[in-house]
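Asks: Take a look at the letters that make up each chain.
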Amino acid sequence: MRLLKLVPDNTNIDFLKWRGIAFAISSLLIAASVALIAIKGLNFGVDFAGGQVIQATFQQPPALDDLRERIGDLGHGEAAVQEFGSPRNISIRMQLPDEGGAEGANRAAQDVRNALEAAYPGARIDAVETVSGKVSEELVRAGGLALLLAMIGVSIYIWIRFEWQFGVGALFSLFHDVTITLGFFALTQMEFDLNVVAALLTLIGYSLNDTIVIYDRIRENLRKFRKMEIAPLINLSVNETLSRTIATNLSMLLALGALFFLGPDVIFSFTAALLISVIIGTYSTAYIAAPWLIWLKVTSDSFLPKDPVSRAERGPRNETPDGARV
Amino acid sequence: MLGFPRWKVWLISLICVVGAYYSIPSFLPERIAQQMPGWLAPQVNLGLDLAGGSHLLLEAETSGVARQRIENMEDILRRELRREGVQYGEVSTQNGRLSFVVRNPAQVQRAVEISRQQAQPTAFGGSSEWTVRAEGNRVSLTPTEAGISAAIDQAMDTARDVIDRRINALGTLEPTIIRQGSDRIVVQVPGLEDPEALKQLIGRTARLEFKLVDLSVTPEQLQSGRAPVGSQILPYQEGGQGNGRIAVQRRAIITGDQIANATQAFDQTSGAPVVTIQFDGTGARRFARVTQENVGRPFAIILDNVVISAPNINEPILGGSAQISGSFTVETANALAISLRSGRLPVELTVVEERTVGPDLGKDSIERGAIAMAIGSGLVLIFMLLTYGRFGVYADIAILLNVALILGAMSIMNATLTLPGIAGFVLTVGAAVDANVIINERIREEQRRGRNVLQAIEHGYSEAQSAIFDANITNVIAGALLFYFGSGPVRGFAIVMMIGIVTSVFTAVTVTRMFVSFWLRKRPRELVI
Numbered sequence: 001m002r003l004l005k006l007v008p009d010n011t012n013i014d015f016l017k018w019r020g021i022a023f024a025i026s027s028l029l030i031a032a033s034v035a036l037i038a039i040k041g042l043n044f045g046v047d048f049a050g051g052q053v054i055q056a057t058f059q060q061p062p063a064l065d066d067l068r069e070r071i072g073d074l075g076h077g078e079a080a081v082q083e084f085g086s087p088r089n090i091s092i093r094m095q096l097p098d099e100g101g102a103e104g105a106n107r108a109a110q111d112v113r114n115a116l117e118a119a120y121p122g123a124r125i126d127a128v129e130t131v132s133g134k135v136s137e138e139l140v141r142a143g144g145l146a147l148l149l150a151m152i153g154v155s156i157y158i159w160i161r162f163e164w165q166f167g168v169g170a171l172f173s174l175f176h177d178v179t180i181t182l183g184f185f186a187l188t189q190m191e192f193d194l195n196v197v198a199a200l201l202t203l204i205g206y207s208l209n210d211t212i213v214i215y216d217r218i219r220e221n222l223r224k225f226r227k228m229e230i231a232p233l234i235n236l237s238v239n240e241t242l243s244r245t246i247a248t249n250l251s252m253l254l255a256l257g258a259l260f261f262l263g264p265d266v267i268f269s270f271t272a273a274l275l276i277s278v279i280i281g282t283y284s285t286a287y288i289a290a291p292w293l294i295w296l297k298v299t300s301d302s303f304l305p306k307d308p309v310s311r312a313e314r315g316p317r318n319e320t321p322d323g324a325r326v
Numbered sequence: 001m002l003g004f005p006r007w008k009v010w011l012i013s014l015i016c017v018v019g020a021y022y023s024i025p026s027f028l029p030e031r032i033a034q035q036m037p038g039w040l041a042p043q044v045n046l047g048l049d050l051a052g053g054s055h056l057l058l059e060a061e062t063s064g065v066a067r068q069r070i071e072n073m074e075d076i077l078r079r080e081l082r083r084e085g086v087q088y089g090e091v092s093t094q095n096g097r098l099s100f101v102v103r104n105p106a107q108v109q110r111a112v113e114i115s116r117q118q119a120q121p122t123a124f125g126g127s128s129e130w131t132v133r134a135e136g137n138r139v140s141l142t143p144t145e146a147g148i149s150a151a152i153d154q155a156m157d158t159a160r161d162v163i164d165r166r167i168n169a170l171g172t173l174e175p176t177i178i179r180q181g182s183d184r185i186v187v188q189v190p191g192l193e194d195p196e197a198l199k200q201l202i203g204r205t206a207r208l209e210f211k212l213v214d215l216s217v218t219p220e221q222l223q224s225g226r227a228p229v230g231s232q233i234l235p236y237q238e239g240g241q242g243n244g245r246i247a248v249q250r251r252a253i254i255t256g257d258q259i260a261n262a263t264q265a266f267d268q269t270s271g272a273p274v275v276t277i278q279f280d281g282t283g284a285r286r287f288a289r290v291t292q293e294n295v296g297r298p299f300a301i302i303l304d305n306v307v308i309s310a311p312n313i314n315e316p317i318l319g320g321s322a323q324i325s326g327s328f329t330v331e332t333a334n335a336l337a338i339s340l341r342s343g344r345l346p347v348e349l350t351v352v353e354e355r356t357v358g359p360d361l362g363k364d365s366i367e368r369g370a371i372a373m374a375i376g377s378g379l380v381l382i383f384m385l386l387t388y389g390r391f392g393v394y395a396d397i398a399i400l401l402n403v404a405l406i407l408g409a410m411s412i413m414n415a416t417l418t419l420p421g422i423a424g425f426v427l428t429v430g431a432a433v434d435a436n437v438i439i440n441e442r443i444r445e446e447q448r449r450g451r452n453v454l455q456a457i458e459h460g461y462s463e464a465q466s467a468i469f470d471a472n473i474t475n476v477i478a479g480a481l482l483f484y485f486g487s488g489p490v491r492g493f494a495i496v497m498m499i500g501i502v503t504s505v506f507t508a509v510t511v512t513r514m515f516v517s518f519w520l521r522k523r524p525r526e527l528v529i
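So the protein sequences, as listed, match chains A and B.
Take 1 as the starting number for the first sequence in the working numbering and just add one per residue.
Take 1 as the starting number for the second sequence in the working numbering and just add one per residue.
Okay, chain B solo, but in the shape it has when bound (with noise of 0.2 Å):
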């Protein structure tokens, strides 16, 4: 006991020291704080729920993924099959794969060798993805679950860029955009005050389509929804005619992949918001040509699946870009330019759990947790001095320590500090003396045993180690299963928890018994516990 290297005596300060300091940025203002060096002055992380700022989990439609895949393949196989000069017929894309018939019988070799090579995995030594049977002179095509869940996992990771360039257009937000599982992407947006413009912003597939108006469809067809081989039929909000539907021709003339850029603007004659198109090179091309073929029929603009304006081609548009006009407020076709510039997303995405915080609720659960804090504390702090003396002061110091410690530690490792995590430092402080009462109580029990002030001492801190060590054990158990099982604000608690159980039996036991080796050299002859 009193031997205290010296060595160890400068490790411990030197860990308390660097600890404390790093504590001190997050009291800082935000304006000095940002003029120091980096690694001199690391913050704590605000929680949404502190700072205020939206939580979403976004969910994608994954069956959408297959179909499109099975669909995409299909455009494929019809394109290969007609230049091989393969006939068929009968294309069905049900029940979740690919099938057609080959007409010539002697035919169905070959078909089979063209799929199978349009099959073949895209990276090598990929696994395969799709299997192809023929039966009879049928041919079908069903992709595997390693071909799909790759998929998926490929639309998962292009609609995290999507969101990610969607957000940056908003301006100086700082996002984070993970994935989490198989088919959800967090976004959480610190300081937002309107989520609902973000909401409206990733929300959106925009997945945008120029297609020529079927204008042979009768208005019973329309009627019952059924529409004749190679079109279909659209919801069409602002016109058209027999229940606000439309029909249009399946091939598209032009997609939102061939855009190259796409603004706000405002339409020359009437002054509504509207959103301007620049097609790319190709695309371009390809619009010249369908309009100067068309001229004098309406084409449909649709956007998800859903024709928002259904113009008249007037004349050949040969400049490469279109205008989208609807009933548009700035903000929307603001939201829409950005959506169709940052490219459409390769799934559908759902809201499926929303925390959003206004920053005066943040602010107001910060004042009150600190002060709640700081009287418990201070209550913890009165009592262990009243209760062990000297060996109160040690243990006060100990707690104090503590807490700059935790802080120290999160801001090093750039935690978040959650509301449940500043009840967690509150938890802490009232169970990080839990370590100091085992001891004193040993301490005292042994000095009722008879035991002369060194021996009492050395005994208290020997004996109650075991407990000490076991009760922080079970702890870490509970703090880690918290973690990983906990999300958001709950993993924030868990953070501190654990940290705090390190810290507290750093300061708790290490730390005291530093300052009580310095006292004992004094040789004292008494101890009031």
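The shape of chain A in the complex, shown without the other chains (with noise of 0.2 Å):
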């Protein structure tokens, strides 16, 4: 049987060469996601921006015009209505009313539920979310919070099991991954809820691996080859890992594209947070990881220990002469 053969043998890509273009490529898509971010902002879903939406099934597609209409007539206030998955799947958004609290909101879920039922016979609520402000400030603090500890913990475990240039490179390029999944958001006011931070954990735990596989071999080629430049053994290792990064990213944009296109609407943006970040983290990971490498000043030093009578207890190393260790 003939196998599949995604990248060539002995590919000798010079990838390292685009670097510049591809950082400045980089910091614009980061400058726009910040400006994106700040002038568009983050279409927060309830979870974060606290309110009240029900989520309805109709017998037949409603008319979203005379459905708001409606709503607004109860004098709860303006209701933001959209289909959500198909045309007969209805959501509906209101604000939490000032006063009143949880009875407010609790009576303004029965009287639509009330108008729906008279209304449109055969209407059924599928789902009631309802977030006060208070628990939607303590759950973007909290996502926040989890967000930066996440970066933060998995740059100092690459530091200690690498050294602090491969932590640094890391950790900028999981903000740049976070960055510009938080840009897409806000171009696309895609809703952002608790789903969408568990992605970007997930991201940051997933787009790892990449950069953790590239690493390991760069580790592994500094020490084989002393004498190479940086920038040709970082090309190589990028090149000798290239096979594993479009496999592995491909089998999962394969199940993640199951999900995207056949999953349950619910977490719709879970997954295309998800989707997204695998095809940014794959692109940050040669291009943002690996050449922080090279501006940090890594050598094959680095990864000789600091006092020279440890050094010369090491000895020499068992080297083939394709640079291969047996």
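Because the hints were derived from the structure by calculation, they are not lab data.
Misleading hints may appear alongside valid ones.
To give a feel for the contact side, a few chain B residues facing chain A, derived at Cβ under 7 Å [claimed, not checked]:
1) Val-426
2) Val-433
3) Arg-513
Reference listing, derived: stretches of chain A covered by chain B, where coverage requires no fewer than 3 residues with Cβ under 8 Å from a Cβ of chain B [said to hold, decoys possible]:
4) 3–14
5) 151–157
6) 203–209
7) 235–245
8) 270–276
Every residue gets a Cβ at the ideal spot worked out from N, C-alpha and C, and that includes glycine.
Two chains, each in its own frame: build the complex with the hints.
Replies: This is the structure we're talking about:
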């Protein structure tokens, strides 16, 4: 059987040749993302903005304007009404009443329920979510803190396992990935809720997979080829791991794609965030995480013990002519 | 690589068989699974977003606890001071403390002693719960922080129990009621169609009081809301003069604490739904005495500081029971009866977060999640097979085993599967192949360098190890933070992710290695990878 080979053997693409351009593009993307987040803002779901969302399924697709008006007439304020997955599935989002607290929210939900059942026979309430302002503020804080701690935590781990330059490189590439994903959410105004934060945390874990695999190879090559310049060495490492990068990310895309197109609508933004981050993460590994090592001046000596005694103890390494260790 | 000890083979097989076995009950229909003994058929719990149900986060108004505490102390001190013959006045409960003036300066010392005595911690060795101070002839008692938080803690425990009793009175629901932090309670009730009734039931404090109506209050006083000493003005929706308000005496004849039972019934004349309550011994005696003394005067039935009704006492009520009528439906009357039976909440609770999912949406989510998972996994399996041939088959077996093991581990741990958890499964399948991809690519590479089959495989596994290890540790870090900071469904995702990391390393590295070692025993001369 002839096996599928996505990447030909012994590729030698000079990835790093474009690192200047890539850096410019990335900087531009990050700047654009920050600007988008600042200007358009993220479309916070009720988790983070507080409020009430009622999801309903109708027998026939309702006229949205009509529905919006009916709910507006209830006197609980303006409602955002939109389709959710299909024209028969509608999500109705309302602000929480300023007064009356839980009681008021309860009454609003009950009124909407009654109004829907009266005006649209067979309409079914699928889900109700109510989050008070106080809880949503806490969720924002907890979510932000979790993201920050995750980025710092994994970077410290990489610093311990590798060298400080690798930790910094990983931190920058994570920052890059997370910011651009957030920028994407600001651009599309897709709903940003707790699930998306979960997706971002997952992205931090998985985007680092790629980074670690390449870093691991760079470290190995640094030990192997002491005399090699750092740029070609990184290029070699990226090329050597290229087929694994493609294979793994492709299988991730296959799995996520199925979830994106066929999975439940409720987690649509979750899968969208993951899908984007897989793509961005693959790019940032080669063009952000790796080049930082050049800028931070990693050399073969970075992996030698600092004191001369133990260096001497290491003795000569057992290397074969082709450079592979036995 | 060749040497794969027999005990290891047995151990790996055992883990796989046990894990895979425990994943089966979750697929069995409820009926069959329930007939099997519990330890043989543990099932994965479905989260509320899949099974349908309500998740409520209740927050207590804790400032009420401190106030209540001061008021209780006021009652006790008034009684004690009177008994000891200490003349006092100007009692104030303002600014979070209780203070009073002792008329006779010679008695100040005595008053302080009495206050100290009453303020002593109830439990042996407990920290001081009140600070007692005397400035001139004014004695003040301030509850300490520790005292207040102990009181809140106690109140929250009681509240939890009360909610438990109330929900259980609704019937066969299987609620989860747990305290969260210092002032919150999480209530999860699966499979509930209408959460409104539930919220009505647990949101109500159900503080019931019977008080005499103060007839001396003028309409002007009612209008202004300023009551004479010893009285208070309360809202009264159903009647009363002046803005739907009514004045009642501060002292309660009887409170909800003295209720022995409460049931929903129908009024004998009008047929309207009512709640009948039965007082306990002391309550009945007290009620009899007060009604005897006040025939012809009205008394007010007050629920959560709102007057429900204010009937006239036509004759002494000696039987120890009373009837509360108002504009009830059968449901609301029943809910009130349950609330009264299960005791009043010691704190006021408000719903600060609610997530309710209807059973149909949950079913739809499971269905579409399962389809997405089947197709996603199928694509990955085919991709691996096409890319790595024989080693792809090994990887595929590892993936399938991995899914079974995650499910089995979750069943044994009685973990909860949520919708993001299903996504976690799909993702785990996508990511679990990474270990195999790293190993297999390495083997390809080593072959290209001219190594023979055995050496290439040996190197493939050993050189890939550090990358696989590091990559999984970082995922564990992210997963742990996700679990710690996440709530509900997101936690479900974190659980799947973390279990998946452990099982995927086991299946992708250890299990495939076992298969490879079996194959190597045949001394293959060529490896197509």
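Asks: None of the hints should be skipped; say for each whether it holds.
Replies: Status of each hint after checking the structure:
Proximity of Val-426 (chain B) to chain A holds as hinted, the smallest CB-CB distance being about 5 Å (cut-off 7 Å). For Val-433 (chain B), the shortest C-beta to C-beta distance to chain A is roughly 5 Å, which falls under 7 Å, so the interface hint holds. Interface restraint check for Arg-513 (chain B): the shortest CB-CB distance to chain A comes to about 18 Å, outside 7 Å, so the restraint is violated. Counting residues of the region 3–14 of chain A whose C-beta sits closer than 8 Å to any C-beta of chain B gives 6, which meets the bar of three, so the coverage hint holds.
Against chain B, the region 151–157 of chain A contributes 3 residues with a C-beta closer than 8 Å to a partner C-beta. That satisfies the three-residue criterion, and the hint holds. Note: the region 203–209 of chain A has 5 residues with beta-carbon separation from chain B under 8 Å; the three-residue rule is met and the coverage holds. With a cut-off of 8 Å between beta carbons, the region 235–245 of chain A has 4 residues touching chain B; three or more are needed, and the interface restraint holds. Here's how the region 270–276 of chain A fares: 3 of its residues keep a CB closer than 8 Å to some CB of chain B, so the rule of at least three is met and the hint holds.
In the structure shown, a violation is registered for the earlier hint numbered 3 alone.
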